[in-house]
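Novice: Here is how the chains run, residue by residue.
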Amino acid sequence: MSIVRSHVLISIDANTLLAGAKAVEEALINELRRRGIDKEVGVIETGPLGIIGKGVVMVVYPEGVYYGNVKPEDIPELVEEHFIKGRPLKRLMIENIITPSVVVKEEVGLTKRQVRIVLKNSGVINPESIEEYIASDGFDGLTKAIFEMKPEDVIKVVKDSGLRGRGGAGFPTGLKWEFTYKIPSDEKYVICNADEGEPGTFKDRLILEGDPYRIVEAMTIAGYAVGAKKGYIYIRGEYKLSIDRMQKAIQTAKEYGLLGDNILGSNFSFDIEVRKGAGAYICGEETALIESLEGKRGVPRIKPPYPVSQGLRNKPTVVNNVETLANIPDIVRNGAEWFRQFGTEKCPGTKVYTILGDVINAGLIEVEMGTPLREIIFQYGGGIKDGKKFKCALVGGAAGAFLGEEMLDVKMDFENLKEYKAVLGSGAILVMNESACIVDMLKSILRFFEHESCGRCTPCRVGTKRLVEIINRFANLEGSEEDIDEMVNISLVMKDTSFCPLGQSVHLPVVSAIRYFKDEFINHFKEKYCVANRCGRKVEVLS
Amino acid sequence: MKTKEEILKSFPKNPDYIIEILHALQDNNPYNYLTPEDIKLCAEYLDLPVSYVEGVASFYSMFSLKPRGRYVIRLCDSPPCHLVGSESLLEYLEKKLKIKVGETTPDRLFTLELTSCLGVCAVAPAMMINDEVYGNLTFEKIDKILEEKRGNL
Ligand SMILES: Cc1cc2nc3c(=O)[nH]c(=O)nc-3n(C[C@H](O)[C@H](O)[C@H](O)COP(=O)(O)O)c2cc1C
Ligand code: SF4
Ligand code: FES
Ligand code: FES
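The listed protein sequences derive, respectively, from chains A and B.
Count along the first sequence starting at 1, add 28, and that's the number in our numbering.
Count along the second sequence starting at 1, add 4, and that's the number in our numbering.
Because the hints were derived from the structure by calculation, they are not lab data.
There could be a bad hint or two in this list.
As the list claims (entries may be wrong) - Below, in silico cross-link-like pairs of lysine to any residue (SDA-like), each with a Cα-Cα straight-line distance of 25 Å or less:
#1 K324(A) with Y56(B)
#2 K70(B) with A28(B)
#3 K104(B) with L520(A)
#4 K258(A) with K70(B)
#5 K324(A) with S55(B)
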């Protein structure tokens with residue numbers, strides 16, 4: 029298909045209707061067809077453009093050129109000048125107007141240090157404006173899927189792209205969709221997992237706040253592919269702005285016929301509902317999330333059966349992370365080959381990281397899969413603050429591992445990290461300098477797990493408690509060699525016997541901390557020494 | 005303020021909506037908690053046992069079954085905030101408010117809670133007070149915020 033090159037947004041509201049907007053629109057569509065460019069130039073009806081007293085108004089994207097007082101008889105000249113010759117028709121242009129925000133189209137390319145697919149629009153377009161999303165190729169993927177592809181074709185392109193889940197586990201997305209697609213059922217569901225709770229992670233929040241229509245489009249494409257009519261996005265309760273933006277985006281997309289019944293006039297219907305979490309990290313685990321959506325305590329289910337076959341209300345359900353879905357529109361629009369030019373053979377595409385801690389530039393970046401950790405910390409993160417030395421990075425959140433100096437050259441993707449007994453997880457990178465105390469950090473991690481263990485299974489419920497007791501001893505400059513071994517043992521028993529991946533991943537930070545920094549643990553009880561001078565302080569008694 | 009009946013009626017009579025309903029009921033309470041009456045009304049509306057609704061409410065850390073202050077302070081103590089000193093902020097808050105984690109000041113103004121990562125780590129150390137996020141916290145900043153909240157009433 030010829031991808032739509034330009035969009036004309038024609039304002040249809042009470043004022044412009046009186047001025048004859050419908051007749052102008054009709055003339056425009058006819059003229060574009062006559063000149064054979066109706067496939068390249070999309071005509072979209074929009075609401076008020078904020079310009080009053082200028083008759084029929086329209087705006088052409090991506091240039092962002094506004095025209096006013098347009099009459100049907102102006103149309104041939106306008107099309108000739110603007111779309112054929114490529115220069116705005118000065119006579120009708122409205123100049124010096126304040127547009128909601130400037131639309132800048134960024135080319136995705138290797139010339140940029142950051143490759144932006146997922147964050148392409150974030151901070152570039154006005155996230156509350158569907159027009160701006162459309163003008164930056166928004167809904168092209170959905171249009172292409174519905175009108176030019178069968179569901180199997182969509183699944184094939186996602187499979188071929190090699191996209192893997194960005195929620196932590198890295199499961200191939202196309203395969204997941206195919207499972208659900210193949211199971212016959214009267215009802216199927218698509219769930220977008222926006223419960224983002226992994227400490228140090230806020231990428232999904234920024235995607236939802238910065239580009240909510242991308243997720244609307246992606247979920248709708250997923251629904252089309254697997255045969256679902258209903259989607260849910262489960263957003264953690266604290267993310268008020270994300271909830272708000274998403275609700276508005278859903279509403280507006282419906283008004284534009286891009287969501288709801290008979291999308292874009294096709295036979296395909298799909299609806300999305302926003303649901304709020306209520307403060308439970310475990311609800312990010314997909315089966316616990318489903319329980320929560322069903323109005324229950326968010327306790328994980330036994331797997332198998334997996335959600336792909338028996339998920340929400342026991343119907344086949346696709347659960348995908350926000351970042352995973354954010355890749356979908358461009359994959360469908362540009363094809364699998366395009367996506368595969370980024371990243372590595374086994375993990376194509378990009379990854380969004382949050383770099384935090386003792387770095388100069390903390391924040392969010394999107395870089396190709398396979399980018400070495402060193403580059404992320406020292407180039408994008410700007411290196412270590414205050415002239416200090418790098419000590420280690422906690423990669424993947426609390427359920428991640430500490431990586432020391434000797435692992436800085438690891439290429440960051442699902443496969444490579446596995447070799448180092450580490451995980452990509454949510455993409456959180458917490459950097460610590462030489463004066464950070466590992467005991468102190470592990471204490472914070474273990475408290476997190478103790479607090480967030482859902483209590484369903486004994487190894488995790490009791491194990492996390494015991495681990496906190498032991499780490500507290502080190503933090504009081506006590507503890508022993510046996511305590512160190514005991515921590516490793518407990519976390520490994522939890523790995524083998526816990527019911528869900530929460531309890532199963534506690535060994536990652538515990539074992540890696542002890543593997544690389546055992547001396548520091550020993551110093552705490554032998555030398556009564558802590559580099560950060562945080563341990564061993566008695567908390568002041570309240571007066 | 006909406007009546008409880010109005011709140012309930014704005015949701016479908018479907019147990020799926022229990023968490024949404026509990027959110028709405030709690031948001032409507034000046035002391036940020038779910039009263040026994042709220043639980044009972046929700047249970048009746050959805051045709052569920054009271055114990056079931058209570059069980060759900062008690063699972064989620066954003067819900068409280070006992071009265072809290074007008075301002076619920078939720079200080080983050082996950083690793084990124086911990087690294088930049090959230091623990092000393094906790095001590096400071098405890099001292100300033102003369103309460104421990106989980107407690108409410110006698111004037112029912114503040115409740116102090118710890119929370120897991122709030123997803124605003126770029127401005128660590130961070131906390132939320134009701135719906136608002138406060139980041140890059142220092143002792144001085146905390147003083148100001150508490151004063152401002154006290155002044156609000
Ligand atoms: C304890 C726990 C917490 C999780 N939290 C999240 C989360 O916040 N967001 C998310 O997308 N996936 C989370 N996951 C992973 C989900 O279970 C699931 O694998 C993911 O949503 C699938 O989507 P993907 O294939 O697009 O990654 C969590 C898993 C576990 C075990
Ligand atoms: S491993 Fe932990 S979080 Fe998972 S089911 Fe068991 S108690 Fe719950
Ligand atoms: S043991 Fe706690 S900071 Fe060192
Ligand atoms: S760790 Fe405190 S907000 Fe993320």
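Novice: Hint by hint, note whether the structure agrees.
Specialist: So, going through the hints one by one against the coordinates:
1. Proximity of K324(A) to Y56(B) is assessed by CA-CA distance (about 9 Å); at most 25 Å being required, the pair is judged to hold.
2. Note on K70(B) and A28(B): the hinted pairing holds, with a Cα-Cα distance of about 16 Å set against a maximum of 25 Å.
3. Distance hint between K104(B) and L520(A) is unfulfilled; the C-alpha atoms sit about 34 Å from each other, more than 25 Å.
4. For the hint pairing K258(A) with K70(B), the CA-to-CA distance comes to about 37 Å; that exceeds 25 Å, so the pair is violated.
5. For the suggested pair K324(A) and S55(B), the alpha carbons sit about 12 Å apart, so the restraint of at most 25 Å is met.
Checked against the numbered hints listed earlier, the structure breaks hints 3, 4; every other hint is satisfied.
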